[in-house]
Amino acid sequence: MISLIRLRNSMILQQTGFLLVMIGAWEALGAYVLDPFWSSRPSLIAQRLWFLTKRGDLAWHVSATLTEAGLGLSLGAVVGVALGLLMARYAKAAKIAEPLFMGLYSLPRVALAPLFILWFGIGLPAKVMMSFSMVVFIFVLNIVEGVRALDRDPIDLMRTMNASPLYIVRRVLLPAVLPWIFASFRIGVGLSLIGALVGELIGSSRGLGWYIERAAGQLDTTGVFTGIVILVVLAMLANQVIVLASGWLTGGRA
Amino acid sequence: MDGAMMPAKTTLAIEHLEVGFGSAASVINDVSLTVQEGEFVAIVGPSGCGKSTLLKVIAGLVPSRSGAVQMGRLKIGYMFQRDTLLPWATTASNIAVGLELAGVPKSAHAARIAELLSLVRLDGYESHRPEALSGGMRQRVSLARLLAYEPDIYLMDEPFGALDYQTKILMGRELLRIWDARRRSIVFVTHDIEEAVTLADRVIVMAAHPGRIVATHEIGFERPRDPRRLRSDPRFAAMVETIWSDLSLVD
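Residue numbers (the numbering used here), protein chains in the order written: chain P, 19 to 272; chain G, 401 to 651.
Calculated directly from the structure, the hints in this document are not laboratory data.
Keep in mind the model is a prediction, meaning the values are calculated, not measured.
Glycine is no exception: its CB is placed at the ideal position from the N, C-alpha and C atoms.
Be aware that a few hints might be false.
With the Cβ distance kept under 8 Å, some of the chain P side facing chain G (calculated, not the full set) [claimed, not checked]:
| hint | residue |
| --- | --- |
| 1 | S28 |
| 2 | P172 |
| 3 | D174 |
| 4 | L175 |
| 5 | M176 |
| 6 | M179 |
| 7 | A181 |
| 8 | V190 |
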């Protein structure tokens with residue numbers, strides 16, 4: 019146990035070290051080799067971050083993007099899990115809908131952005147829908163796959179014991195698809211951010227997408243990189259939350 | 401009607417059962433069988449003789465083509481060759497499935513689970529998950545779950561078939577011990593003739609293509625039985641030999 023903790027600590031140390039080396043290299047390149055106009059520099063980005071934080075702009079934009087992505091992800095999870103369970107339950111209907119479903123899944127969802135803006139305006143709902151359209155398929159496909167991989171024998175056994183469908187869902191189906199739901203969340207975090215960003219890039223008045231778009235318009239590379247750095251950090255944090263939540267929920271379930 | 405020679409109560413009556421899938425030939429053809437209350441019936445036969453399918457029809461998992469299965473409203477306890485435990489659930493939680501489906505109040509679960517664990521000799525394993533248990537232990541958890549449900553009839557489909565020889569003998573002894581104490585009806589499917597003769601009151605011999613009953617043998621050995629001593633009994637060897645010849649006659 020102790021050696022395990024030591025191993026993990028040394029891994030964290032190495033990960034941090036790697037990150038610092040990369041940042042140092044970027045800084046050096048920006049200072050001595052490249053024109054920071056194209057690639058900016060970590061020190062400039064840090065200054066900008068500090069400035070944005072002090073003025074409250076950071077919270078203003080981050081909260082907008084996170085709300086859009088978070089709502090889109092949640093909606094995608096609820097609708098996707100329900101739809102996935104239905105598709106697994108009614109295999110024949112699912113088969114009929116499959117070509118259309120796969121067509122929509124393969125469609126670059128960016129193409130829907132103008133439509134959502136037309137329907138919902140440039141406010142929050144359009145971005146939530148954009149984000150939702152990115153993640154919902156992930157949940158549906160994962161759940162369908164999870165149910166397909168399910169061992170049928172325990173269900174048959176419970177049927178002979180007169181178990182209600184609700185009991186089987188609660189005791190077998192949901193615990194069996196739980197890891198698949200978490201896998202969907204892990205993929206969905208990044209995708210929901212993409213959805214929110216795309217929505218913001220196309221039409222908005224706040225959010226990280228809007229900030230990046232405006233900075234680029236002013237040839238403000240540091241502004242663009244600042245937005246990107248914030249996004250990377252957000253995605254990393256969100257991923258950590260999902261990993262912790264899944265470990266906590268699947269490790270402690272009985 | 402003064403109690404003298406009261407006929408035993410029938411738990412299960414199967415009449416002229418025919419089972420098949422689609423337009424294919426029957427898997428089971430004209431099988432009739434009755435099981436009395438508290439009777440231990442074993443069904444032996446080669447693979448493909450429909451003995452497992454017969455159990456599934458009795459349990460309502462597979463529909464029949466014609467014929468009748470009469471069983472009243474009995475609580476069925478089914479046991480597969482595979483353990484069919486929930487892989488994410490602990491031993492205690494897996495056994496609790498039987499209690500939950502039997503409607504045992506939650507407050508009584510802990511005590512009942514402890515009791516069942518010691519009955520199948522798994523004390524101390526309540527918080528292990530199936531992956532941490534051996535095949536024999538997993539099958540004992542399945543048995544405990546089955547017992548927790550308190551079925552009126554046990555339908556057991558080669559429950560010890562996947563276990564090594566020694567564990568199989570031990571599990572058979574456990575089953576006899578538990579059955580002696582409770583005396584529920586058991587229909588026990590196996591391809592192991594010695595196991596069938598050791599455990600059952602009656603051995604039904606089935607043959608394949610189509611699945612049908614070719615012989616029935618009453619096993620009159622006194623109870624309670626000691627499986628080890630029984631195996632060295634000449635009557636035991638003679639009975640096993642008789643069933644072997646039943647099987648080879650039809651092949």
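Given hint P:L175 near chain G, where the shortest CB pair must fall under 8 Å: holds, 5 Å
P:P172 as an interface hint toward chain G, with CB separation required under 8 Å: holds, 5 Å
Chain G contact restraint for P:M179 - C-beta distance below 8 Å: holds, 4 Å
Per-residue hint verdict: P:A181, partner chain G, C-beta under 8 Å: holds, 6 Å
Agreement of hint P:M176 with chain G interface, Cβ distance less than 8 Å: With Cβ-Cβ at 7 Å, under 8 Å, it holds.
Hint check: 8 Å Cβ-Cβ cutoff, P:V190 to chain G: P:V190 check passes; min Cβ-Cβ to chain G is 7 Å, inside 8 Å.
Restraint outcome when P:D174 is required to lie within 8 Å of chain G by C-beta distance: Nearest chain G Cβ about 6 Å off; hint holds.
Hint check: 8 Å Cβ-Cβ cutoff, P:S28 to chain G: violated, 29 Å
The structure shown violates just one earlier hint, number 1.
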